[in-house]
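Sequences listed follow chains A and B, in order. So for the first sequence, numbering that gives the first Met the number 0 puts the first residue at 0; every next one is plus one. So for the second sequence, numbering that gives the first Met the number 0 puts the first residue at 0; every next one is plus one.
If you're looking for bench data, these hints aren't it; they were derived computationally from the structure. Be a bit skeptical, because a hint or two may be false.
Each pair may be met inside one copy or between any two copies, as identical chains are not told apart.
As the list claims (entries may be wrong) - Derived pair list, reagent style DSSO-like, types lysine-lysine, alpha-carbon separation capped at 30 Å: (1) Lys1 - Lys251; (2) Lys30 - Lys76; (3) Lys303 - Lys362.
Protein chains: 2
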Amino acid sequence: MKLSSKMERCGLSPMRKFNGEAAKAVERGLKIYHLNIVQPDILTPPAYFEALREHAQPVLAYSPSGGLPVLLDAVRKYYAHIGAELSRAEILPTNGGSEALQMAMASILDDGDEIVIPEPFYPNYHTSVTLAGASIRPLTTCPEEGYRYAVRERVEACINERTRAILITNPGNPTGAVLKPEELKLMLDIAKEHGLFIICDEVYREFVYAGEPLISALQFEGYEDNVIVIDSVSKRFSACGARIGMLISRNKAFMGAAMKWCQCRLAVSTMDQIASAALYDLDEHYFDATRAEYKRRRDTLLGKLRQIPGVVCEEPKGAFYVMAALPVDDADAFQHWLLNEFDDNGDTVMFACGEPFYATPGKGKNEVRMAYVLKEEDLSRAMDILAVAIERYNKR
Amino acid sequence: MKLSSKMERCGLSPMRKFNGEAAKAVERGLKIYHLNIVQPDILTPPAYFEALREHAQPVLAYSPSGGLPVLLDAVRKYYAHIGAELSRAEILPTNGGSEALQMAMASILDDGDEIVIPEPFYPNYHTSVTLAGASIRPLTTCPEEGYRYAVRERVEACINERTRAILITNPGNPTGAVLKPEELKLMLDIAKEHGLFIICDEVYREFVYAGEPLISALQFEGYEDNVIVIDSVSKRFSACGARIGMLISRNKAFMGAAMKWCQCRLAVSTMDQIASAALYDLDEHYFDATRAEYKRRRDTLLGKLRQIPGVVCEEPKGAFYVMAALPVDDADAFQHWLLNEFDDNGDTVMFACGEPFYATPGKGKNEVRMAYVLKEEDLSRAMDILAVAIERYNKR
């Protein structure tokens, strides 16, 4: 029986593509260093679990479709602290940042519409855009330029009469690129001048390593109709399993459209909303230790990665990924070889292959994304394995 | 700025349409008996909250996109008990039954496709179908016939070359109609003969009041490619706030398409999955008391409702709704009058107006859906108010 042609144009997660081969490798006794996964090992703040334990309502009722007031107010307080005043009606709690993306795409995109996204980008954007009937117009960036994209002529060259929105990820996944305030303002200006929405995926906001103040597109005045922010507790509080994200906008018509989706799916988890609200009550310095830990991990990974001959990568300024071009012809073939024909003292390594992060066919073939969510010693060992592997692979 | 034309064709929840007027009525001192809402007052089993309290993992990690094994196995055990053997791969936990519906529609429907749904139907179906680019072909039923639809000629008259699926709700929301086993088999046969999916929304499975055994389309052999079941813990365990539903099918290609959606939104709430699994460990007689309570409520409501002159309604066999035709010209105007110009000793009543439950324009204008989720004495009082109101309304 026929399935949706839109769904058929979507793919499975590239981060999980080699899971079958990996399982077999483990069965053969191989140890794999997983740089492909994005599950942080940072402890979830105990306040989350304490809020669950202290809950005393005997009926687990639906929460309002627009979210529980206790969470809305916690999020408002957080944003007020970084200089963005929001009303409750400007925030919609979602089933993770992922649902906020689905809602945004479904609310603004029509069949045949285009959305400009700098590539490489988070591959799940493709599914949300495709299911809305639209397509991605890639704004191509490259490792040699540190994946920078905030250049007026280059952005405007991607805009045409079918363009409805621009989507930026700041800090960037997979690139780790962080926009300077004037670069973010330029992107907002371009969106406003062309009458476009600008979706700002800011779920990695706290993960910046050069002492930058926390930045959000919501801090800029004059772009109320254009700006849509995607946020989440997942990475900020190492609470990925909570599935609490947010869709935030001051555009009333847009929020009205998004509310139709909210009412269609009735509500977000009541307990996860209550417990997530407690996370926002943490001391404002809570994140300092996490940031310092990730910075050390980044420096460890990058220090060794850059010593491998032929590797091209810029220092990522944010998030917890490094995108790098490797001196191999095809990262997919290399990953296959790493899992099936290679080991270094019984060890090998996995990363996310670069091609699915691009919309332009053929791009990213020799690139990989590595997440630095492992302990320093494991990242160090993984880079040693990668160096040995590249040398041996190219001598086959 | 332009919004999605598909989203613009969707509506807000008809159950919440009069909430603004209701708030003002309450401010004026009116007491409202809410037959429009669907939040049961039955206590959530303590096992749910105990599972949350006992959780001891310090990192709240993503669960697999395909669901936590502990929940999958709990659901498998439940279905095995009612005669349907399922593998883990045939079950996908979802963010409530609502997301399972969204996933099903997005996986099988294309622009211009049609899905046959007996009307009146749960209005949120319209949003899921419309966002997938398709439209509802209504199979019209009427209160005088107890909203029955399982008649071959009538179903087949709705099928054409654009039809991709049939959606049935069993037990029915809003009608309370329950298919006999031979009627369900007829619907499955029609779907199979015409090469259609048949989506069976069975979230009210336990709510049957004539001693019927629990029925699921999954119990019938030979329809593995056609049947898609929507299920949920919300109503079964009075755990609406848990947002744990399930999409179940033995059609591998369909489940592969649905998995793309699952990976795009990464995962379902980890804690809600763990706690919901504990619900399935309850004694199999857990539901008996709940069922008896709802049966009493139905009988109380119906006994009084049928005494009101001019009301047309059949006894609902399942779920916790009564759909009824009232002797008024327009239920919307009547509801407006009830909130703004009427009271009986300071009391009034709310219901869900019937029109949004129909796809055929003009249908359902004098019908209303009433949920019997209140205590018997409140339902009784609400019916007394309704009787007085109808009499006074028609004498204006």
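Each hint, compared with the structure:
Proximity of Lys1 to Lys251 under the C-alpha cut-off of 30 Å is restricted to the inter-copy arrangement: shortest distance 13 Å between copies versus 38 Å within a copy. For the identical chains of this complex, Lys30 and Lys76 are neighbours neither inside a copy (45 Å) nor across copies (35 Å), given an alpha-carbon limit of 30 Å. With identical chains, the CA atoms of Lys303 and Lys362 are at most 30 Å apart within one copy only, with a shortest distance of 25 Å there and 70 Å across copies.
Of the numbered hints given earlier, the model fails hint 2 alone.
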